[in-house]
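Enquirer: Once you have looked at the hints, place chain B on chain A.
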Amino acid sequence: MAAETATNRLARLLTMVPWLVNRQGIALEEAADGLGVSVAQLEADLNLLFLCGYGQMPDELIEADWEEGRVFVGNADTISRPLRLGVDEAVTLIVGLRTLLDVPGLTDQGAIERALAKLESAAGTAAEPAARVSVDLAGRGVDDEVLSRARQGVQEDRRLHLTYHVPGRDESTERDVDPMRVIAADGHWYLEGWCHRAEGVRIFRLDRVEDLTVLDEDGTPPEGVAPRDIGESIFSPAEDDLLVTVRLLPGALWVSDYYPVESATDAEDGSRTITLRTADTAWIERLVLRMGGHAVVLSPQDLSERIVSRAMAALEPQTHDVD
Amino acid sequence: MSAATGPAAKTERLLNLVLVLLYTRRPLSKAQIRGLVPQYGETASTEAFDRMFERDKDELRALGVPLATEEIDAFHEDEPGYRIHQRDYALPDLEFEPDELAVLGLASRSWAHASMAGPAAQALRKLRAAGVERDEGALIGIEPRLRTKEPAFDAVKDAVLSRTPITFTYRRPESSEASVRRVQPWSLVQWNGRWYLTGFDLDRDDTRVFRLSRVDGGVRTAGRAGSFEVPADHEARIMVQRSAPRGEARPARLLVRPGAAHSLRRRATSSSEVDSGWTELAIEFRDVDGFAAEIAGHADNVQVVEPADLVERVQTQLRAVLAVHEAGA
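Top line first, the protein sequences correspond to chains A and B. So the first sequence is numbered by full-length UniProt numbering: it starts at 1 and just counts up by one. So the second sequence is numbered by full-length UniProt numbering: it starts at 1 and just counts up by one.
Chain A extracted, bound-state conformation (with noise of 0.2 Å):
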């Protein structure tokens, strides 16, 4: 953890008492879990709360006790309940409440509409600032519809038939999918799912589905396949992947920004030069060529030689003619 501030640690503290008072005797580790901290902070923060109190009297100061690895904590009723929410903490959750009552065709809308009500009247006043915060996650050229089906197939465990636009062979592919999970982020929806003609875990983008169709069939991925940790990016370079150099110039700097870059260097002259690791070049190829001179591929040689050919190629007209 980055070095926390004196008020950070009190505040986590003052939500830390009362979680530990409602689970008296819980394990260390599952404690330290729950809180989100390493079991070496946790053992800080219960030594630091035993020396605190109303007054410096034994009987006024909190109990802690975490000797046989179970943690006990007491006398401590006057922060015994949470302290009320704050106004980042009542926003985030209310905008992520109103971002999912947005997403068209959701079945638990009740649930949202209820957590939503008894969160806003819990908030009192921190929740007034979150009506100046929205998110629109209507992703472009998504089907309602292959949405809703896609969500089906994870809740119900069904097989899906996916007619799949692969951008990067700009080829269309047809193929099963075992659905784990739909993920909206950057803009667009995925599919993610154990993907039978690969042999492996996929994620698809929703608005390359040319068509989309839920099977009478068990959709349950292999035994001990689990989704990508997403982490950062949705896209994962491997490290084997090819390393490729680019140079922005002002005007094309939000690339850095929407990609998983590797490196970022700025320049005196306000350009940016980044790196990036993938297995496939086609869509920076395509990238590249749309940026109309503010990106250049500095390296690898060939990627940057393909390019050239590719927009004289363009240039000279009805090449078409002459296949």
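There's no promise every hint is true.
Simulated pairs of lysine to aspartate or glutamate, EDC-like, Cα-Cα distance not exceeding 16 Å [stated by the list, open to error]:
no.: 1; chain 1: B; residue 1: K149; chain 2: A; residue 2: D186
no.: 2; chain 1: B; residue 1: K30; chain 2: B; residue 2: D93
no.: 3; chain 1: A; residue 1: K118; chain 2: A; residue 2: E128
no.: 4; chain 1: A; residue 1: K118; chain 2: B; residue 2: D99
no.: 5; chain 1: B; residue 1: K30; chain 2: B; residue 2: D78
no.: 6; chain 1: B; residue 1: K57; chain 2: B; residue 2: E70
no.: 7; chain 1: B; residue 1: K30; chain 2: B; residue 2: D58
no.: 8; chain 1: A; residue 1: K118; chain 2: B; residue 2: E97
no.: 9; chain 1: B; residue 1: K30; chain 2: B; residue 2: E42
no.: 10; chain 1: A; residue 1: K118; chain 2: B; residue 2: D93
no.: 11; chain 1: B; residue 1: K30; chain 2: B; residue 2: E71
no.: 12; chain 1: B; residue 1: K30; chain 2: B; residue 2: D50
no.: 13; chain 1: B; residue 1: K30; chain 2: B; residue 2: E70
no.: 14; chain 1: B; residue 1: K149; chain 2: A; residue 2: E262
no.: 15; chain 1: B; residue 1: K30; chain 2: B; residue 2: E54
no.: 16; chain 1: B; residue 1: K149; chain 2: B; residue 2: D216
no.: 17; chain 1: A; residue 1: K118; chain 2: B; residue 2: E95
no.: 18; chain 1: B; residue 1: K57; chain 2: B; residue 2: D73
Quick caveat, the hints were computed from the structure, so don't treat them as lab data. Remember, predicted model here, so these are calculated numbers, not experimental data.
Expert: Then chain B, alone, in the frame of chain A:
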């Protein structure tokens, strides 16, 4: 493990202060507080204590702790007393159904990879402090992932939530010149995966939409929190959507190489085979620059037949690509 120095000592002092002020049944004077919180007792002078106490009060309030200033009694008119009322401090008792907890979990996790991951997790932990943990993650079948990659996000978010005017340097894509803007930040909207700020531009005396990724460098506050009102009829999402390039829909005719440019084929209003296996597509477009860039991306797989201005824009795009690559080679 010693908590005698550094941030740990400060956390200990603040926690003691919270406990003392929550426990008391009547407002406490500063002198009483100094006697009850050991870290204050150790301060060298009354002045040093005063300074420390003032700062601590501010920090607790910033954290959302409702530290109240009240009259101690009729005999201490000019000396304020301090306490924290349990009713203002504690989160009201909430009973959530399992399906409500599941959607709250989903709402919280959607921020897991954003700069607001901390508050989102903390909020959920508060709501679940007394609750049973049952999380049917797949209940709803979807996982939104909200991201806040724009470096300006946190500062702008704080300004929007607290209604604080800000100033920042903004770079528009069509001009390389950056300009300094002074803005009343009204709303943050994520649309097509990007964050936008809507607000009132104080120098241009009009409403504006800013893409956060184009904010260059730091964001500074330029006024007090709560110093402006957001118009009740402000519709942030509509304003952001309208800011996107829009023109009249125009028809275009394109030739597409066999097997290529599926994304264009799917948008075509009609298509027909021509000689040598190429397909002719009829497509409607609004934003000529955006469409030209998309077509340039397909390079030699697509030829524009008409309109002429689209042909020209595509060629300009591709010539620029050629120029920079040949210069670099």
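Enquirer: Take the hints in turn and mark each one as holding or not.
Expert: Now the hints, each set against the structure:
1. B:K149 x A:D186: Holds, at roughly 10 Å.
2. B:K30 x B:D93: 32 Å, violated
3. A:K118 x A:E128: Within the cut-off at roughly 14 Å; holds.
4. A:K118 x B:D99: 13 Å, holds
5. B:K30 x B:D78: 12 Å, holds
6. B:K57 x B:E70: 14 Å, holds
7. B:K30 x B:D58: 15 Å, holds
8. A:K118 x B:E97: Measuring from Cα to Cα gives roughly 11 Å; hence the hint holds.
9. B:K30 x B:E42: At roughly 14 Å apart (the allowed maximum being 16 Å), E42 (chain B) and K30 (chain B) satisfy the hint.
10. A:K118 x B:D93: 10 Å, holds
11. B:K30 x B:E71: With Cα atoms ~12 Å apart, K30 (chain B) and E71 (chain B) stay inside 16 Å; holds.
12. B:K30 x B:D50: 8 Å, holds
13. B:K30 x B:E70: 12 Å, holds
14. B:K149 x A:E262: 15 Å, holds
15. B:K30 x B:E54: Answer holds: K30 (chain B) to E54 (chain B) is near 10 Å, not above 16 Å.
16. B:K149 x B:D216: Holds - the C-alpha atoms of D216 (chain B) and K149 (chain B) are around 14 Å apart, at most 16 Å.
17. A:K118 x B:E95: Cα-Cα ~9 Å, so holds.
18. B:K57 x B:D73: 21 Å, violated
The structure is inconsistent with the numbered hints 2, 18, although it conforms to all the rest.
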